[in-house]
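All chains, please: the whole structure from these sequences, using the hints.
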Amino acid sequence: MSRPVPTGALRAAAILALAGLVISGCSSKNKDDAAAASGATKVKIELNDNGCKTTPSSIPAGAATFEVTNTSANKVTEAELQQGGNIVGEKENLTPGLSGTFSLHLDAGSYTVYCPNAKTEKADFTVTGTATKQSVDPAVQTALDQAVTGYKQYVIGEVDKLVPATKTFTDAVRAGNISAAEAAFAPARYYYEEVEPVAESFGDLDPDIDARVDDVEDPSQWTGFHRIEKALWQDKSLAGMSPIADKLDADVAKLKGLVATTNYQPAQLANGATELLNEVASSKITGEEDRYSHTDLSDFQANVLGGQKAFQLLQPALQKIDAQLASTVSQEFTDVLDSLKPFQTSGGGFVDYSTVGDDQRRMLTQKVDALAEPLSQVAAKVTS
Amino acid sequence: MTEFRASRRGLLALGGAAVAGAATSGALAGCDSGSSKTAAPVVAKVPFYGAHQAGIATPAPARLAFATYDLTVDGSPQENLAALRQLLQTWTAAAAAMADGKPVPGDSNTLVAPPADTGEAYGSSPANLTITFGVGPSLFDGRFGLASRRPAALADLPMLPPENLDPARSGGDLVVQACSDDPVVAFHVIRNLARLGRGTVVMRWSQLGFGNATSNGASQETPRNLLGFKDGTRNIDGSDAQLMNQHVWVGDETDQQWMRGGSYLVARRIAMHIEAWDRDYLADQQHVFGRFKYTGAPLTGSNERDTPNFAAKDASGQPVIPVNAHIRLAAHENNGGIRILRRGYSYTDGIISASGELDAGLFFIAFQKDPRKQFVTLQRGLGAHDALNEYIQHVGSGLFACPPAPSGQGRYWAQDLVG
Numbered sequence: 001m002s003r004p005v006p007t008g009a010l011r012a013a014a015i016l017a018l019a020g021l022v023i024s025g026c027s028s029k030n031k032d033d034a035a036a037a038s039g040a041t042k043v044k045i046e047l048n049d050n051g052c053k054t055t056p057s058s059i060p061a062g063a064a065t066f067e068v069t070n071t072s073a074n075k076v077t078e079a080e081l082q083q084g085g086n087i088v089g090e091k092e093n094l095t096p097g098l099s100g101t102f103s104l105h106l107d108a109g110s111y112t113v114y115c116p117n118a119k120t121e122k123a124d125f126t127v128t129g130t131a132t133k134q135s136v137d138p139a140v141q142t143a144l145d146q147a148v149t150g151y152k153q154y155v156i157g158e159v160d161k162l163v164p165a166t167k168t169f170t171d172a173v174r175a176g177n178i179s180a181a182e183a184a185f186a187p188a189r190y191y192y193e194e195v196e197p198v199a200e201s202f203g204d205l206d207p208d209i210d211a212r213v214d215d216v217e218d219p220s221q222w223t224g225f226h227r228i229e230k231a232l233w234q235d236k237s238l239a240g241m242s243p244i245a246d247k248l249d250a251d252v253a254k255l256k257g258l259v260a261t262t263n264y265q266p267a268q269l270a271n272g273a274t275e276l277l278n279e280v281a282s283s284k285i286t287g288e289e290d291r292y293s294h295t296d297l298s299d300f301q302a303n304v305l306g307g308q309k310a311f312q313l314l315q316p317a318l319q320k321i322d323a324q325l326a327s328t329v330s331q332e333f334t335d336v337l338d339s340l341k342p343f344q345t346s347g348g349g350f351v352d353y354s355t356v357g358d359d360q361r362r363m364l365t366q367k368v369d370a371l372a373e374p375l376s377q378v379a380a381k382v383t384s
Numbered sequence: 001m002t003e004f005r006a007s008r009r010g011l012l013a014l015g016g017a018a019v020a021g022a023a024t025s026g027a028l029a030g031c032d033s034g035s036s037k038t039a040a041p042v043v044a045k046v047p048f049y050g051a052h053q054a055g056i057a058t059p060a061p062a063r064l065a066f067a068t069y070d071l072t073v074d075g076s077p078q079e080n081l082a083a084l085r086q087l088l089q090t091w092t093a094a095a096a097a098m099a100d101g102k103p104v105p106g107d108s109n110t111l112v113a114p115p116a117d118t119g120e121a122y123g124s125s126p127a128n129l130t131i132t133f134g135v136g137p138s139l140f141d142g143r144f145g146l147a148s149r150r151p152a153a154l155a156d157l158p159m160l161p162p163e164n165l166d167p168a169r170s171g172g173d174l175v176v177q178a179c180s181d182d183p184v185v186a187f188h189v190i191r192n193l194a195r196l197g198r199g200t201v202v203m204r205w206s207q208l209g210f211g212n213a214t215s216n217g218a219s220q221e222t223p224r225n226l227l228g229f230k231d232g233t234r235n236i237d238g239s240d241a242q243l244m245n246q247h248v249w250v251g252d253e254t255d256q257q258w259m260r261g262g263s264y265l266v267a268r269r270i271a272m273h274i275e276a277w278d279r280d281y282l283a284d285q286q287h288v289f290g291r292f293k294y295t296g297a298p299l300t301g302s303n304e305r306d307t308p309n310f311a312a313k314d315a316s317g318q319p320v321i322p323v324n325a326h327i328r329l330a331a332h333e334n335n336g337g338i339r340i341l342r343r344g345y346s347y348t349d350g351i352i353s354a355s356g357e358l359d360a361g362l363f364f365i366a367f368q369k370d371p372r373k374q375f376v377t378l379q380r381g382l383g384a385h386d387a388l389n390e391y392i393q394h395v396g397s398g399l400f401a402c403p404p405a406p407s408g409q410g411r412y413w414a415q416d417l418v419g
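Protein sequences appear in the order of chains A and B.
The numbering of the first sequence is the UniProt record's numbering, which starts it at 1 and goes up by one.
The numbering of the second sequence is the UniProt record's numbering, which starts it at 1 and goes up by one.
All clues given are correct.
Subject to a maximum C-alpha distance of 20 Å in a straight line, what follows is the list of computed SDA-like cross-link-like pairs (lysine to any residue):
1. A:K341 x B:D74
2. A:K167 x A:N177
3. A:K75 x B:G119
4. B:K45 x A:L98
5. A:K75 x B:P115
6. A:K122 x B:L111
7. A:K53 x A:T112
8. A:K75 x B:S108
9. A:K122 x B:T110
10. A:K44 x A:Q83
11. A:K122 x B:S108
12. A:K75 x B:Y122
13. A:K122 x A:E92
14. A:K119 x B:D107
15. B:K45 x A:L94
16. A:K119 x B:V112
17. A:K309 x A:G157
18. A:K119 x B:S108
19. A:K122 x B:D107
20. A:K44 x A:L94
21. A:K341 x A:V351
22. A:K75 x B:P114
23. A:K44 x A:T71
24. A:K75 x B:E120
25. A:K309 x A:T262
26. A:K75 x B:T110
27. A:K152 x A:F202
28. A:K75 x B:D107
29. A:K119 x B:T110
30. B:K45 x A:G97
31. A:K119 x B:L111
32. A:K167 x A:G240
33. B:K313 x B:V323
34. A:K247 x A:A184
35. A:K75 x B:L111
36. A:K341 x A:Q331
37. A:K119 x B:P115
38. A:K230 x A:S283
39. A:K75 x B:V112
Hints are computed from structural coordinates only; laboratory data are not their basis.
Written as structure tokens, this is what we have:
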């Protein structure tokens, strides 16, 4: 079961809708109750895709009413007044044609009018006083740089392990040794499943290595792990599989060459992690990935650990950007991996997936969904 | 029609700005009045905030999307309650926006992030969308420390034979009933609430319904259920405040003040043996209900709204409305004045793969102030004697306490229970 933790940005956004109202209510109650009344200074904010226009941009301290209007902005639907990163007032969900107001009592100081998604999102707003500095955290950038470097090294390292693990498998295939090949199948795939989104970025390489029979138009052109899986578990014959084994070795070697020179963006790490979780939910849970060998749970674990690795590399930066989201995702990863433990065998492998009941499959899917939803919010956070 | 199309485009360009959309289309409908009934766009909105939740007394729109959810939290009762509170704040903000024809609050425009709203109802009118929320008996176990807040009226339903309840279509910690004249708009609600709750709740089961099978207002033409009979002729009219207070809205009598102004929802998935019913002869079908099939009149009358005469006998001395007729057993005259507000929908989920027969029936929904004294009493009588039992079976069940509506912005569902 998952812990009672919030689900991150989606939830935070909706909470804001409630909290925003409460905040503006409190401000006017605590201070001059009639912020919106005749004495209030009127400020107009016009939402615009290029940037919000605030008139005037400097007012005396005291009651103020902000009139926010959207005549034609499609990307910008809200305006926030912030101070030191905290929202002090806002109006949102203003699609074109709508307008709204918020009223509050402002002390002297430097504020920011924030219009998310505008070309220029932030503009200074002054209340009878001096400007304050805007700080950018260079530590965040350093942490993100380290994340992408770390991920590149991780991918290279896992593909380095994939090459010999695949050769152990293909050697057994070429030798016609069915039991040895069966034993080597899941361990070899493991390293591939950890970095699959990267492999998918290289065009035909992923289908050549990992296609299922219903992914190919012409079954005679079917290659890769699953072609041999069918020969082993269903046909129970390795006749004709040597060329397939040779091609698999060559494709994996090709992958090794490509990952050595590939660089990543922080958002790719995050989106790749989400893709791995989607892989789990859409093809591992259903049992269609390893339909002959029923080794799906090994792939499942590799997908999750690969995603967790990408996330953990981003975690120091995310901690500075959105600590709550970082902690939510981290806990949900732990939760998913814990839920796999009952299916582990003493030898370190997993039970045959055909023995996992519908209720258990449903539970696993729900765990994965609970992780993937907040995880899908990470990319936007680490994109500057 | 040309103007209607223009207004549709305007609505799309506004991107869910239903306030503006409603104003535009409303004006158009005014211009159109009398010229063409079909051209009038449906943009009506039902208020979300107020004394009572919408979706009970309000006229039933054509479509239903119903879902129950289970909490998955496993912390301490305090932690779990905090998670539940946060969920209900999030859900309420989203539900209020959707009922107002707006997307789920949040950012739907950042290219590298999934949109806050899933988008399928983008640009659509809410089409009388109502979103009704309730809590099930299981919420009052030890997980949230709420055991002492459980209303006595939320006692688990007893066994009500003949029934064959599927646990996979019964129960749930929370319920959401979304009704709209647009099926996409209704579905959009239960889907987005499930998404907003991921990590805290999972959907337990859900049911789509169509053709509001039960009238709950005198202004509505009485709809027919899938057995072909008018349903709801003698139902409580939701606009009758006196009857609503007497039978439906929880009042001062409750042992739990957080339920004052609320109501109890009973849902029953009632499967119909459609193929068998369709080969029953007309006279027997009419005897089963106690009404004429086409006019809807009681067998003792000639108009739909004629009061049934349960004492009337035919020439052979037999009751004209048989002793086991559905309307006799369900009538308040024969149940000590007990009444419930029914708000059911027809459903079909394709065919039953084992038999090839239609998987269809009535998704019965009823509201009342105390299920122990109302639904349970009525269903005991029906279960024991109703001639209709030969053709139906209760296969799913749910009982929920629906608190009053949040009184205004900033308030949230069940705040007086969990706040």
